[in-house]
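Letter by letter, the chains look like this.
Number of protein chains: 2
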Amino acid sequence: MELLKQRILKEGRALSGQVLLVDSFLNHQVDVELMKACGEEFARRFADAGVTRIVTIESSGIAPAAMTALSMNLPMVIMKKSVSSILRDGIIQTEVFSFTKNAPYLLTLKTSFVHPGDRVLLIDDFLANGEAAFGGIHLLERAGAQIAGVGAVIAKAFQPGMEKLRAAGYRVEALAAVTRLAEGIIEF
Amino acid sequence: MELLKQRILKEGRALSGQVLLVDSFLNHQVDVELMKACGEEFARRFADAGVTRIVTIESSGIAPAAMTALSMNLPMVIMKKSVSSILRDGIIQTEVFSFTKNAPYLLTLKTSFVHPGDRVLLIDDFLANGEAAFGGIHLLERAGAQIAGVGAVIAKAFQPGMEKLRAAGYRVEALAAVTRLAEGIIEF
Chain Y
1 MELLKQRILK
11 EGRALSGQVL
21 LVDSFLNHQV
31 DVELMKACGE
41 EFARRFADAG
51 VTRIVTIESS
61 GIAPAAMTAL
71 SMNLPMVIMK
81 KSVSSILRDG
91 IIQTEVFSFT
101 KNAPYLLTLK
111 TSFVHPGDRV
121 LLIDDFLANG
131 EAAFGGIHLL
141 ERAGAQIAGV
151 GAVIAKAFQP
161 GMEKLRAAGY
171 RVEALAAVTR
181 LAEGIIEF
Chain G
1 MELLKQRILK
11 EGRALSGQVL
21 LVDSFLNHQV
31 DVELMKACGE
41 EFARRFADAG
51 VTRIVTIESS
61 GIAPAAMTAL
71 SMNLPMVIMK
81 KSVSSILRDG
91 IIQTEVFSFT
101 KNAPYLLTLK
111 TSFVHPGDRV
121 LLIDDFLANG
131 EAAFGGIHLL
141 ERAGAQIAGV
151 GAVIAKAFQP
161 GMEKLRAAGY
171 RVEALAAVTR
181 LAEGIIEF
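Listed in order, the protein sequences are those of chains Y and G.
Each residue of the first sequence is one higher than the last, beginning at 1 in the working numbering.
Each residue of the second sequence is one higher than the last, beginning at 1 in the working numbering.
Chain Y with its partners taken away, still in its complex shape:
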């Protein structure tokens, strides 16, 4: 998606060979018009996938997932990274390791919000090692859903997540696939 790639080149900062900072438009300050365009692009790419539900993981995936759900006229479900005192019943959980925070968290889904037979499009801001995506898929499949696809706004294609998901048979679409990062260098 050219608009997104141009924005990454203009404002993204490669802090190392692993870390791409895009907090001026994607995950701290958010350009909602750009997120709307991303949502429309996901809707276009997955138009034939029979999607019945958009699912994301809090919190940076929520804005692009909400815009995708709006474009596709579908409900959105937010998988939680922590459980509030008022959300205890009917939940399933799996441990996911966050490389960004260098700590594990319990990914949590209330099963009443994903039904057997649902075809889920899992949307997130980043796809890197695939830990969050595989954790999410695990919960969604336990809830009886099929995975219609995985959509990442940005994939770090040099990290194993995208390839591992495809090797496991899942359809993956990245709106921008970064093939190389180095200090000051971003390549698609």
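These aren't lab readings, by the way, just hints derived from the structure by calculation.
These figures come from a predicted structure and were not determined experimentally.
Where a beta carbon is used, it is the ideal one built from N, C-alpha and C, also for glycine.
Just to be clear, a hint being listed does not mean it is correct.
What the hints assert, rightly or not - Here are the computed distance ranges between Cβ atoms for each label pair: (1) Y/Glu-95 / G/Gly-117: 40 to 46 Å; (2) G/Arg-119 / Y/Lys-164: 30 to 36 Å; (3) Y/Arg-142 / G/Ser-16: 52 to 58 Å; (4) G/Ser-112 / Y/Ile-91: 33 to 39 Å; (5) G/Ser-112 / Y/Glu-187: 22 to 28 Å; (6) G/Asn-102 / Y/Asn-73: 36 to 42 Å; (7) G/Gln-93 / Y/Ser-16: 34 to 40 Å; (8) G/Glu-40 / Y/Phe-99: 34 to 40 Å; (9) Y/Gly-169 / G/Ala-103: 37 to 43 Å; (10) Y/Val-83 / G/Asn-73: 34 to 40 Å.
To be verified - Over the 12 Å line for every Cβ pair with chain G, so calculated as not near, a few chain Y residues: (11) Phe-25; (12) Pro-160; (13) Lys-164.
For chain Y, the structure is supplied; the task is to place chain G on it using the hints.
Just chain G now, kept in the frame of chain Y:
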């Protein structure tokens, strides 16, 4: 906002005199069309407030805030509850106590995303004790912004947040103000 109140009466569950569960359309499963309507309503109510930026607190405020930002054609900024390893520079923080999670967290804002002279509309899903709102206002004012207003999708008007904010001179708009909760009872 009648559409929202009807939905709260239909699907909301008063678990006690304090707790209103609305996770089927607001903060776990999300009805994005309803969030879009909420965003348009905030845009209408704050049309004369000279708003330059929408700010919210992760993560349940993000969907309604994104829709408000889209309606008002403004950028959105998400204040964080935890800091990733790649977000360290240029941040300000304040401790906020979460009654829902019964624990404090460090609310975090990167100052480069809020400028002196900005007029901020702070959007969140719930306004109850006002802890999160006052924490957010504290950071935004430290960053040099003015508070154009506070918008809550749902206010628990029998808790002190809304009154305290108004007493401190802030403009508050709640799309649904709940005046009484008891097991099985929700009143506006």
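* Asked: So does G/Asn-102 sit 36 to 42 Å from Y/Asn-73, Cβ to Cβ?
  -> Between G/Asn-102 and Y/Asn-73, where Cβ atoms are some 38 Å apart, the hint holds.
* Could you tell me whether the CB distance from G/Ser-112 to Y/Ile-91 stays inside 33 to 39 Å? => 37 Å, holds
* To do: Run the C-beta distances from Y/Phe-25 to all of chain G and say if the shortest one exceeds 12 Å.
  => 8 Å, violated
* Asked: If you check the beta carbons of G/Ser-112 and Y/Glu-187, does the distance land in 22 to 28 Å?
  -> Distance hint for G/Ser-112, Y/Glu-187 holds at roughly 26 Å.
* Asked: Between G/Glu-40 and Y/Phe-99, does the C-beta distance stay in 34 to 40 Å?
  -> Holds, at about 38 Å.
* Asked: Honestly, do Y/Glu-95 and G/Gly-117 meet the 40 to 46 Å range at C-beta?
  -> Holds, since Y/Glu-95 and G/Gly-117 (Cβ atoms, about 45 Å apart) stay within the stated range.
* Asked: Is the hinted range of 34 to 40 Å satisfied by the C-beta distance from Y/Val-83 to G/Asn-73?
  -> 36 Å, holds
* To do: Would you check whether the claim that Y/Lys-164 is not at the interface survives, using Cβ distances to chain G and the 12 Å cut-off?
  => It holds; Y/Lys-164 is separated from chain G by about 23 Å at its closest Cβ, greater than 12 Å.
* To do: Determine whether the Cβ-Cβ distance between Y/Arg-142 and G/Ser-16 falls within the hinted range of 52 to 58 Å.
  => 30 Å, violated
* To do: Check the non-interface label on Y/Pro-160: least C-beta distance to chain G beyond 12 Å or not.
  => Nearest chain G Cβ is 19 Å from Y/Pro-160, so the label holds.
* Determine whether the Cβ-Cβ distance between G/Arg-119 and Y/Lys-164 falls within the hinted range of 30 to 36 Å. => 46 Å, violated
* May I ask you to test the hint 34 to 40 Å on the CB atoms belonging to G/Gln-93 and Y/Ser-16? => Because 24 Å falls outside the window, the suggested range is violated.
Hint violations for this structure: numbers 2, 3, 7 and 11, all remaining hints satisfied.
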